[in-house]
Amino acid sequence: MTTQSLSEVCRQVRRDIINMTANAGSGHPGGSLSAVELMVGTFYTQMRVNPKNPQDPARDRFVLSKGHAAPCYYGVLAEMGFFSREEFQNFRQLHSILQGHPDAKKVPGVDASTGSLGQGVSIANGMALAAKHLGLDTKVFCLCGDGECQEGQIWEAFMAAAHYHLDNLTVMIDWNGLQIDGTNDEVMSLGDLPAKLRAFGFDVVELPDGNDLSQVLSALEIPALPGRPKCILAHTVKGKGVSYMENQVGWHGKAPNEEQRQQALKELEG
Amino acid sequence: MSEKIATREAYGNALAELGQVNDKVVVLDADLAGATKTGIFKKAFPHRFFDMGIAEADLVATAAGMSTMGLIPFASTFAMFGAGRAYEQVRNSVAYPKFNVKLCMSHAGVSVGEDGGSHQCIEDLALMRVIPGMTVIVPADASETRKAVFALAEMQGPAYLRLARLASPVFEEDYPFEIGKANVLREGTDVVLFACGLMVSESLAAAELLRGNGVSAAVVNVHTLKPIDAECVTRYAKQCGAVVTVEEHSVIGGLGDAVADVLMGNVACKFRKIGVQDRFGQSGKAADVLREYGLTADQIAAETLASLKG
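Line order of the protein sequences matches chains D and E. Here numbering that gives the first Met the number 0 is used: the first residue of the first sequence is 0, the next is one more, and so on. Here numbering that gives the first Met the number 0 is used: the first residue of the second sequence is 0, the next is one more, and so on.
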């Protein structure tokens, strides 16, 4: 797929995020919009998956540690053909496969139930460790938020990833700088995150613009250093692509109303 | 009942045996392999053993991830940390997606002894029972522990196995074990003692003391708290008309409540819960601590007599 057509996928996923959250009247558009390029780039250019056989034992694995970015995840999975786009209208509704946060029991293509922050890297480590143990060439990708790096378990998991030399693991951090109550620095400073990750044993690739698809694709192509887990630390914009949401703390967990939906969709026209 | 062996010791031995016949089994621990006895498995299968360090949250969620790859992870640490500290990881990373992880936690109850109240987990059964879909097993002796470990490897889904530090008597080797099926160890007509774990042998001894007082006490080993054997519990409650539950756990949320849930609105009978009465444990020799908390055979017999008079 060309970069241009992947850009179109990103635009479509952004429209899906707006429509899903607007229809549901709730959800998390800000951190979904910031993660679009990271997730589209990973699924379309890196992962060996078969939407017609979601349980294919040879598949690569993806864990959305920041499970609240479910609208982005659902958008990408539907776009790839794991389930019908018609499911979008049921997002956050009773009996839907599309729960507010991803449920591995319900959604084709989802391998871990997430949403409670800080647990995804450990789960991804378990997958990567098992793959090595079984002699499989499975690659494992895990997308984290920046705020969730305040959870202690994340650092337990980072330690373990290095200890077990998980060079089949790529952790991505969607570093948009905002969380529910304010900026990372206002709530709990993350400090020198790249240096911390390096000190924990990661091969760190820092992206000045994680919403620039070409930067994301290049970073994903960098091969892992033997014996070391890789981390793509991507500076992103929360609410990316919708002018009134960009860099606004208030759009972490709030759905657009009808007027706002129309404006967002207009801005996201091809 | 001559030999004494701790259920944690039997667990380690069973794992090593299981490892020989099931290559999907892997074991994780959090720097307590010597105490939980997973070290026995580690020695036999060093490449199938994963130490996660002193990081129980990570231990549990890593096991969750491994299970998605088709492995059968047995994750162990002390009950306080595995069921307590990592509770939310058990709930959300393991049980919510129904992953095939076996959580086998040792040093449960006050019989931990000297380490004291900080390490004597008396809440784990309540915490695990309340999670939808979680199987909860408390083996009574070494023989039953071995059978439980093999049964866990065969069943699909999350399960909690409660293990003790203290060496305890071994019953007959050949009595049956089936998850969810209580074992009647002694018939009786006046009162039934429903017990689990170390309290099974104490309850058997208590029943013998009660016989001396002219009371015929049945003893039922309820090794599976969830799913509980409702049919057996109901039948013996009706047959005896008086129920006593005995557990080395808080009287809140454990075996006593599991039995009460079955009987409430169903069987009219006398009912008494013996266990830790809503207080923390403390340091001491295991036998002394068990006595302090009313969990010895003579105390169980006395409490049973009191409940029948009440």
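To be clear, the hints were calculated from the coordinates, so they are not data collected in a lab. For each residue, glycine too, the CB sits at the ideal point set by N, CA and C. Mixed in with the good hints, there may be bad ones.
As the list claims (entries may be wrong) - Capping the alpha-carbon separation at 30 Å, the derived lysine-lysine pairs in BS3-like fashion look like this:
no.	chain 1	residue 1	chain 2	residue 2
1	D	K131	E	K237
2	E	K3	D	K131
3	E	K180	E	K269
4	D	K105	E	K146
5	D	K51	D	K105
6	E	K237	E	K284
7	D	K51	E	K23
8	D	K51	D	K104
9	D	K131	E	K42
10	E	K180	E	K42
11	D	K105	E	K225
12	D	K104	E	K180
13	E	K23	E	K180
14	D	K131	D	K104
15	E	K225	E	K3
16	D	K131	D	K105
17	E	K146	E	K97
18	E	K180	E	K97
19	E	K3	E	K146
20	D	K51	D	K131
21	E	K42	E	K23
22	E	K269	E	K146
23	E	K42	E	K3
24	D	K105	E	K97
25	E	K180	E	K237
26	E	K97	E	K23
27	E	K225	D	K104
28	D	K104	E	K3
29	E	K146	E	K23
30	D	K51	E	K97
31	D	K104	E	K237
32	E	K269	E	K308
33	E	K269	E	K237
34	E	K23	E	K225
What the hints assert, rightly or not - Chain D regions said to be covered by chain E (calculated; three or more residues, Cβ under 8 Å):
no.	stretch
35	70-84
36	121-134
37	149-160
So, going through the hints one by one against the coordinates:
no.	hint	verdict
1	D:K131 / E:K237	violated, 55 Å
2	E:K3 / D:K131	violated, 40 Å
3	E:K180 / E:K269	holds, 23 Å
4	D:K105 / E:K146	violated, 33 Å
5	D:K51 / D:K105	holds, 16 Å
6	E:K237 / E:K284	violated, 38 Å
7	D:K51 / E:K23	holds, 27 Å
8	D:K51 / D:K104	holds, 17 Å
9	D:K131 / E:K42	holds, 20 Å
10	E:K180 / E:K42	violated, 33 Å
11	D:K105 / E:K225	holds, 25 Å
12	D:K104 / E:K180	holds, 28 Å
13	E:K23 / E:K180	holds, 26 Å
14	D:K131 / D:K104	holds, 25 Å
15	E:K225 / E:K3	holds, 27 Å
16	D:K131 / D:K105	holds, 27 Å
17	E:K146 / E:K97	holds, 23 Å
18	E:K180 / E:K97	holds, 22 Å
19	E:K3 / E:K146	holds, 17 Å
20	D:K51 / D:K131	holds, 26 Å
21	E:K42 / E:K23	holds, 17 Å
22	E:K269 / E:K146	violated, 33 Å
23	E:K42 / E:K3	holds, 23 Å
24	D:K105 / E:K97	holds, 11 Å
25	E:K180 / E:K237	holds, 18 Å
26	E:K97 / E:K23	holds, 18 Å
27	E:K225 / D:K104	holds, 22 Å
28	D:K104 / E:K3	violated, 43 Å
29	E:K146 / E:K23	holds, 18 Å
30	D:K51 / E:K97	holds, 23 Å
31	D:K104 / E:K237	violated, 40 Å
32	E:K269 / E:K308	holds, 10 Å
33	E:K269 / E:K237	holds, 10 Å
34	E:K23 / E:K225	holds, 25 Å
35	70-84	violated (count 0)
36	121-134	holds (count 12)
37	149-160	holds (count 6)
Violated hints for the displayed structure, listed by number in ascending order: 1, 2, 4, 6, 10, 22, 28, 31, 35.
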